[in-house]
Amino acid sequence: MRNVGKMTIDTPGDREVVMTRVFDAPRQLVYDAYTKPELIARWLIGPPGWTMPVCEVDLKVGGTYHYGWQSADGKKMGSHGIYQEIVPPERVVVTESFDDPWYPGEAVATTTFVEAGGRTTMTMSVQYDSKQTRDMVVKTGMEGGVACSFDHLEQILASQLQSARS
Amino acid sequence: MVKQQLNSQQLDATFAALADPTRRAILARLAAGDASVNELAEPFDMSQPAISKHLRVLERAGLISRSREAQRRPCRLEAKPLAAADEWLERYREFWEASFDRLDSLLEEMKAQKKSEKLQKNRRKKS
Numbered sequence: 001m002r003n004v005g006k007m008t009i010d011t012p013g014d015r016e017v018v019m020t021r022v023f024d025a026p027r028q029l030v031y032d033a034y035t036k037p038e039l040i041a042r043w044l045i046g047p048p049g050w051t052m053p054v055c056e057v058d059l060k061v062g063g064t065y066h067y068g069w070q071s072a073d074g075k076k077m078g079s080h081g082i083y084q085e086i087v088p089p090e091r092v093v094v095t096e097s098f099d100d101p102w103y104p105g106e107a108v109a110t111t112t113f114v115e116a117g118g119r120t121t122m123t124m125s126v127q128y129d130s131k132q133t134r135d136m137v138v139k140t141g142m143e144g145g146v147a148c149s150f151d152h153l154e155q156i157l158a159s160q161l162q163s164a165r166s
Numbered sequence: 001m002v003k004q005q006l007n008s009q010q011l012d013a014t015f016a017a018l019a020d021p022t023r024r025a026i027l028a029r030l031a032a033g034d035a036s037v038n039e040l041a042e043p044f045d046m047s048q049p050a051i052s053k054h055l056r057v058l059e060r061a062g063l064i065s066r067s068r069e070a071q072r073r074p075c076r077l078e079a080k081p082l083a084a085a086d087e088w089l090e091r092y093r094e095f096w097e098a099s100f101d102r103l104d105s106l107l108e109e110m111k112a113q114k115k116s117e118k119l120q121k122n123r124r125k126k127s
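Which chain is which? The protein sequence lines are A and B, in order.
The opening residue of the first sequence carries number 1 in this note's numbering; numbering runs sequentially from there.
The opening residue of the second sequence carries number 1 in this note's numbering; numbering runs sequentially from there.
No wet-lab data here; the hints were simulated from the structure.
Do not take every clue at face value.
Straight line, CA to CA, 30 Å or less: simulated DSSO-like cross-link-like pairs of lysine-lysine [to be verified]:
no., chain 1, residue 1, chain 2, residue 2
1, A, K60, B, K111
2, A, K36, B, K80
3, A, K36, B, K121
4, B, K125, A, K76
5, B, K111, B, K125
6, A, K131, B, K111
7, A, K36, B, K111
8, A, K131, A, K76
9, A, K76, A, K60
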């Protein structure tokens, strides 16, 4: 069961954030769960208290997807995009925009599924439109998969000041 | 809905302001205490107008405020928008972790179903 269940976040290259997760299942099943709307709506829901009332998938190159979530206290969140490349059950490339954008420009998400010994490693690589945007996304809280409190953010900002001075 | 729109615009402004390394460094300096434009310009090897331009972006994003009274008009770090941006990202990470855990259970269910389909097929073959 090595690595199963552990999510990692990494930042190779200039514009990417790469998230990996190992699942204890063959890749055809993981691919199905990731691409079929009736299955997506059963897991891509987020923390308890959220629901996914909108899950529309037109799985073909040039087709669109639209996901919409809602929390018990009325918060809403949505994302949409256009499929660029589909290679079942190996690879899906899709553009990603949030309905309420929280970073500038459009991102491109490449998801790959690699099976070894009955387990599947899913790798989601999100490429942002510039190094600046990627760094902003990472430095404001996602690095190492560790959420940073405001105190932590201050520390990061302080270390940047030091490197700006040196 | 209107409130949400405002929050979203506020977040846009916050993230756009944070996207620049000089502005992040200015915020870091202000985390250590209030400072005037001159004091802020000093470590950056930048002209005062260039720094003032960055300060206007930060002010519009609500990340800093500037005193109207004192002659040197010191800048002050405003924590609230930063905290809101941080909360958003924390929610994003939580979102994926919780979703992936749920996907684990769904895959177990799918595997079990496949297995029982296979068994039924084999039984049918035998009979």
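Do the hints match the structure? See the list:
no.: 1; hint: K60(A) with K111(B); verdict: holds (26 Å)
no.: 2; hint: K36(A) with K80(B); verdict: violated (40 Å)
no.: 3; hint: K36(A) with K121(B); verdict: holds (24 Å)
no.: 4; hint: K125(B) with K76(A); verdict: violated (51 Å)
no.: 5; hint: K111(B) with K125(B); verdict: holds (21 Å)
no.: 6; hint: K131(A) with K111(B); verdict: violated (41 Å)
no.: 7; hint: K36(A) with K111(B); verdict: holds (16 Å)
no.: 8; hint: K131(A) with K76(A); verdict: holds (28 Å)
no.: 9; hint: K76(A) with K60(A); verdict: holds (27 Å)
The structure shown violates the earlier hints numbered 2, 4, 6.
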